[in-house]
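K.L.:
Taken in order, these protein sequences are the chains called A and B. Just so you know, we're using the numbering used here here: the first sequence kicks off at 15 and counts up by one. Just so you know, we're using the numbering used here here: the second sequence kicks off at 80 and counts up by one.
A portion of the hints provided could be inaccurate.
Unchecked claim - If you want the footprint, here are the derived chain B segments under chain A, 3+ residues with CB under 8 Å:
#, region
1, 82–92
2, 124–131
3, 194–202
4, 349–357
Stated by the list, open to error - Under the rule of at most 27 Å between Cα atoms (straight-line distance), these lysine-lysine pairs were calculated in the DSS-like manner:
#, chain 1, residue 1, chain 2, residue 2
5, B, K301, B, K288
6, A, K123, A, K340
7, B, K231, A, K340
8, B, K85, B, K339
9, B, K288, A, K340
10, B, K189, A, K340
11, A, K492, A, K300
12, B, K189, B, K85
13, B, K231, A, K492
Derived by calculation from the structure, the hints in this document are not laboratory data. Even glycine gets a Cβ: it sits at the ideal position worked out from N, Cα and C.
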Amino acid sequence: MIRPIRSIQGMPGTLSRMFLGAIFQREVRALGRRRMPYWVRFLYTLLLAGITALVFFAIWDTSSSFGSSRQSVLEEIAPAMLATIAVVQMVALGMIAPVLTAGAIADEKRQRTLSTLLTTPLTSRDMVLGKLGARTVQLVILSLVPMPLLLALRVFGGVEAESIAASVLLGLTVGLLGACLALMFSIWHRRTPSIVFFAMCATVVLVFLPLPVMFLLQWELSIDENSPLFKAIAPVALAVVLMPESTGAASVVDVRAFWITSSAYLGIVCLGIVVFSIFVLRGVLKREASGMATNNVIAKLVAPGVETESAQTAAGDRDARVVSDKPVLWRELRQAALSSGTRTIIAFGLGILILLVLYATIGLDHPGITITLLLIASVALTAQAALSTPTTVSAERDAGSWNVLLTTPVRARQIVLGKTLGAVRRLWLSPAVLAFHLILAMIAGWFHPIGTLHATLLLVSLVFMLASTGVCLGLVCKRGVTASVLNLCLPLVLFLGLPILIAFIIEFRFYNSYIERSEALRMFLMISNPFVMLQEAATTATADAARYTYFLRYEMGNSRDTLRTSTFTWMVFACSGSMAALGSVALGIAIAGFNRWTGRPS
Amino acid sequence: MIEANKLTKRYGKLVALDELSVSIGPGEVFGFIGPNGAGKSTTMKILACLMRADSGTATVDGHDVRTEGATIRRLIGYMPDFLGVYEDLTVDEYLQFFAAAFQIPRKQRKTVVDGVLELTDLTDKRRSPVDGLSRGMTQRLGVARVLIHDPKVLLLDEPASGLDPRARIEMRTLLAELGRMGKSIMISSHILTELAELCNSIGIIEKGKLLFSGSIEDAYRKAALGDRVTVGLEGGLDADQAAKVLEGDGRVLRVTKNEKNITIDLAPEVETRHFIVEKLTSAGAHIGSMRPEEARLEDAFLRLTKGTVQ
């Protein structure tokens with residue numbers, strides 16, 4: 015029986031609500047019964063073990079080859095291991111926390127249990143703090159996973175205890191930030207993959223935000239760049255300072271300044287988000303109590319009691335559209351990129367506004383702007399495609415319309431292709447903003463048109479691949495968030511994990527063999543990674559745009575040879591072709607396995 | 080029209096259906112009754128080609144559900160217990176969507192949609208967004224959707240659940256109309272009085288086993304249920320004395336005594352009631368009122384099932 019403990023003598027009210035209240039106890043029990051947290055812990059341990067093993071063997075090989083003693087080699091390895099763990103923890107917990115937290119309020123809304131909570135004396139503060147507290151426990155467990163290894167580094171490698179504490183704290187605070195953001199987005203959205211996407215994006219922005227702010231202040235106000243506040247406020251700066259070179263040079267006091275200010279920054283941000291979330295949830299509960307719909311919360315909070323224009327339109331009649339002979343595709347193509355058409359237009363307008371601000375401050379002719387925009391857009395598009403496409407199936411399952419669709423004679427091929435194409439179309443927002451910029455840059459002569467062709471091919475095939483695998487995983491996995499996370503892991507493994515693994519193997523296992531010098535293998539690694547290809551395409555198209563020569567010079571990685579445009583274009587074809595082929599295979603699997611996974615007889 | 084033979088379905092160790100056999104003829108309205116978790120929805124899902132049975136066979140209009148799913152989908156209209164709708168569409172678009180899914184030619188769609196809207200009394204709501212409909216309207220839309228391709232068989236899983244009394248009466252009228260149209264209907268419901276009015280035959284299922292299948296009269300017979308008569312006494316004899324007068328009669332199953340009246344449960348197939356008046360009056364009882372009640376499906380259900388919930 016769940017027995018709420020309202021307050022414990024000597025314990026502040028907020029903490030007792032967070033860790034001892036009814037919500038906390040229910041959440042901890044529910045999370046304990048689910049498989050996901052255990053899988054997350056297992057995979058997280060595997061990831062940490064894999065990466066640290068790679069780093070260990072890499073450095074061990076090179077250090078021992080110079081004839082150093084065992085003790086000195088261990089002391090050399092320890093800081094690098096610590097830095098690796100710190101960075102992996104920061105990135106991994108920043109990604110895991112939104113996945114763990116995304117369903118916090120969204121599940122209550124979907125299962126219609128929010129109104130039941132209204133009948134209890136629980137307040138919005140109890141709910142937010144209780145749900146966050148349960149996730150914090152999970153994050154603490156995860157952040158303690160590498161503790162045995164860290165203690166070994168302390169004992170055998172002589173790493174400072176404070177550096178170990180700083181590395182753990184870095185991961186934990188970034189994870190907590192991700193959890194707070196996911197909780198906040200969970201109040202607004204129903205679909206967990208959308209919550210995960212928005213929370214991850216916001217986490218990246220908030221972790222990196224102090225850096226551009228610091229540069230802006232330094233530039234505009236001429237504040238001393240050696241100011242400790244500037245150095246320390248960004249969590250990424252703490253990760254950098256934990257790197258071996260920095261640790262060797264910096265004193266303990268420097269590390270202390272970094273972790274204290276970084277944690278304080280993230281702590282304050284988290285606190286702000288929690289307070290805001292409590293405020294927003296209170297509004298939602300009030301609306302729920304008065305029988306009003308809970309969507310468009312912000313608008314209703316700003317103007318309580320006044321229905322928005324879109325809500326009024328939704329309540330009224332609409333002109334009927336004519337459904338085509340392919341009904342699934344017809345419906346999928348008519349769904350808005352965001353939750354409504356108005357929001358989509360606002361988001362597009364915001365994107366264009368940001369571009370105009372960038373043009374005004376940095377200038378359209380700045381060589382870095384196109385490359386940066388292209389890379390940011392491609393990463394955002396990848397995350398969006400990976401996380402949102404599996405929901406095309408899971409959302410129907412959640413809404414209860416999936417079984418109804420399956421009793422119609424619509425074939426598996428029509429459903430799978432319709433959902434894939436619809437998912438691809440809904441991702442138009444960031445490519446549209448990027449296209450706006452590229453067209454301007456081409457007209458101004460700062461970007462070569464061939465670069466646009468290369469970028470288009472690479473991005474379209476990347477999105478197609480992720481949409482196809484997303485729909486396939488959406489059919490296989492019952493929970494949308496599981497499918498989304500697996501789909502997000504796919505590009506991470508293909509374009510990050512695999513090249514790193516191959517590079518390590520080449521560098522350290524075949525150190526003196528011919529493979530190390532094999533340019534073909536190096537080029538294969540480049541071709542298999544669309545982000546590297548995009549970066550190469552953008553860099554060259556920007557640098558050589560003014561000359562507009564037929565033969566551009568593509569310098570692939572460390573290769574001293576330059577490539578002709580036609581050769582590079584063939585490489586782009588190969589890269590995008592392989593992604594399109596992978597996507598097609600995923601679609602084929604989805605169609606072939608449709609009846610098996612849905613339980614529908616042929 | 081529907082033939083299921085020894086259908087078995089397991090979810091891990093749980094046996095959802097245990098060699099269930101059922102037969103529904105053309106134009107028959109078959110009520111499927113059972114406690115929650117008895118296996119009603121599983122049976123319907125297997126017949127709707129949404130789930131495979133572990134063993135056993137089932138046919139709809141002679142077509143095997145395991146191998147001829149595509150053909151069967153055109154023959155049946157399935158309405159699940161929880162009806163999900165596409166909230167981004169209007170009523171008209173929603174029905175058009177399914178008309179297109181059932182490959183009804185575009186030129187005929189408007190006529191078909193108009194027809195089902197009229198039948199379900201939703202014509203006024205055709206331009207309304209689906210997410211703005213009330214629960215009753217949504218259930219009506221669900222019925223309209225299953226009728227869009229004029230199926231021979233309707234599988235309706237709890238179509239009246241969550242409806243207010245008025246909407247329930249309207250739904251019952253609608254289903255009676257569909258029965259008159261000659262469609263074979265398999266309907267599950269917890270509101271047994273409504274099923275008794277609507278169905279020609281019933282099936283009672285518990286723990287995945289079909290305990291009874293046949294006409295409602297057969298169910299009463301099997302449950303040893305006859306009519307019930309409540310007699311109000313105004314003097315002459317008290318309830319105890321009146322009960323003693325009737326207790327030895329072979330036509331009387333049991334007599335329940337209250338303060339000033341007695342309730343007499345008649346044996347099945349006993350259609351005459353005048354002997355009650357004659358016997359009581361000749362014994363000196365002053366009868367104030369006599370209220371006959373017909374056998375109730377709830378009683379038959381309670382007698383035939385053990386009341387255990389899986």
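K.L.:
The structure should be examined with respect to each hint, and the outcome stated for every one.
P.N.:
Each hint, compared with the structure:
Interface restraint, the region 82–92 of chain B with chain A: violated (0 residues with C-beta to C-beta distance below 8 Å; minimum three). Only residues whose C-beta sits within less than 8 Å of a C-beta in chain A count toward coverage, and the region 124–131 of chain B has 6 of them, enough to reach three; the restraint holds. For a cut-off of 8 Å, the count of residues in the region 194–202 of chain B with a CB near a CB of chain A stands at 0, and the three-residue condition is violated. Coverage of the region 349–357 of chain B by chain A is violated in this model, with 0 residues showing a Cβ closer than 8 Å to a Cβ of that chain against a need of three.
Using a Cα cut-off of 27 Å, the hinted pair K301/B and K288/B holds, with the two alpha carbons roughly 17 Å apart. Simply put, K123/A and K340/A have alpha-carbon atoms about 32 Å apart, too far for the 27 Å limit, and the pair is violated. The straight-line distance between the Cα atoms of K231/B and K340/A is roughly 24 Å, inside the 27 Å bound, and the hint therefore holds. Of the supplied pair hints, the one linking K85/B and K339/B is violated, its CA atoms being roughly 51 Å apart against a limit of 27 Å.
At most 27 Å may separate the alpha-carbon atoms for a hinted pair to count; K288/B and K340/A exceed this at roughly 41 Å. Using a Cα cut-off of 27 Å, the hinted pair K189/B and K340/A holds, with the two alpha carbons roughly 17 Å apart. A C-alpha spacing of about 33 Å is found between K492/A and K300/A, which places the hinted pair above 27 Å, so the restraint is violated. Note on K189/B and K85/B: the hinted pairing is violated, with a Cα-Cα distance of about 42 Å set against a maximum of 27 Å.
Taking the CA atoms of K231/B and K492/A, the gap is near 33 Å; set against the 27 Å cutoff, the hint is violated.
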